[in-house]
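*Asks:* Whole structure, please, built from the sequences with the hints as guidance.
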Amino acid sequence: MDVSVDQVTGTVDLARTRARGQLLEAGLELFGVYGYAQTSEQALCEVAGVPEEVLWEEFGSREGVLMAIHNRVTTKGLRASEQALLSEGMDDCPLGMRFRRLFDAYVYAVTTDLREARVTFVEVLGVSPAVDEHCKRWKDLWADFLTGEAERAAVRGEVEERDHRVVVMVMVGTVHELMAHHSRRARRARPEEVSQELTTLGLEMMGIASPVE
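Quick note, the sequence shown lines up with residues 1 to 213 if you use UniProt numbering.
There's no promise every hint is true.
Dumping the calculated EDC-like pairs for lysine to aspartate or glutamate here, alpha-carbon to alpha-carbon at most 16 Å [what the hints assert, rightly or not]:
1) K76 x E58
2) K136 x D104
3) K76 x D113
4) K139 x E177
Derived from the structure by calculation, the hints contain no laboratory data.
Here the structure is a predicted model, which is why all the values come from computation and not from measurement.
*Replies:* See below:
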């Protein structure tokens with residue numbers, strides 16, 4: 001039976017996709033349970049069931065796997081927050097309620113799997129300048145997103161008209177520190193507890209000190 005070039009290409013692509021998925025799942029398990037520093041490339045490939053050459057071809061190194069997992073989890077958190085802000089009735093909600101719904105969506109998205117939370121907020125810290133720069137790009141993206149929300153709140157008269165970028169950048173950094181703190185704790189905080197802390201923090205930094213129910 002003749003085999004076409006397209007069939008061969010499709011088989012190769014499928015094998016690569018499967019191998020990437022296996023490496024990502026192995027990385028999530030090993031980094032998220034035992035820690036990034038304690039995981040060798042050899043161990044990563046053994047758990048994934050692929051040769052080390054595949055790791056180098058697909059991700060360059062275990063550092064590339066770490067950043068890919070971080071990308072996946074952080075994207076999920078951002079998409080969940082965007083969906084929350086686009087949900088029915090959000091335009092009519094007061095600022096405090098919008099913050100709470102945004103952080104509810106975000107926290108649930110990134111903490112459902114405790115391994116994902118550990119990798120995203122703890123294991124990426126201090127790995128290398130490349131990983132630091134990768135995380136900074138994501139923080140800048142979050143700062144853009146939240147600055148837009150602050151500007152919309154100013155148009156509604158809910159907060160003071162000013163340049164909110166600096167405050168938002170500080171808030172994004174503090175949010176990540178708080179998430180890292182909860183990811184390290186032996187006792188897992190309930191998502192609603194974390195969301196409440198983030199909401200209160202966000203409102204205080206925006207100059208609204210009243211608590212959110």
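*Asks:* Each hint: holds or not?
*Replies:* Verification of the supplied hints:
1. A hinted pair counts as satisfied when its Cα atoms are at most 16 Å apart, and K76 with E58 does not qualify at roughly 22 Å.
2. Distance restraint check for K136 and D104: the Cα-Cα separation of roughly 23 Å exceeds the 16 Å cut-off, and the hinted pair is therefore not satisfied.
3. Simply put, K76 and D113 have alpha-carbon atoms about 12 Å apart, close enough for the 16 Å limit, and the pair holds.
4. With a C-alpha separation of about 12 Å, the suggested pair K139 and E177 falls inside the 16 Å cut-off, and the hint holds.
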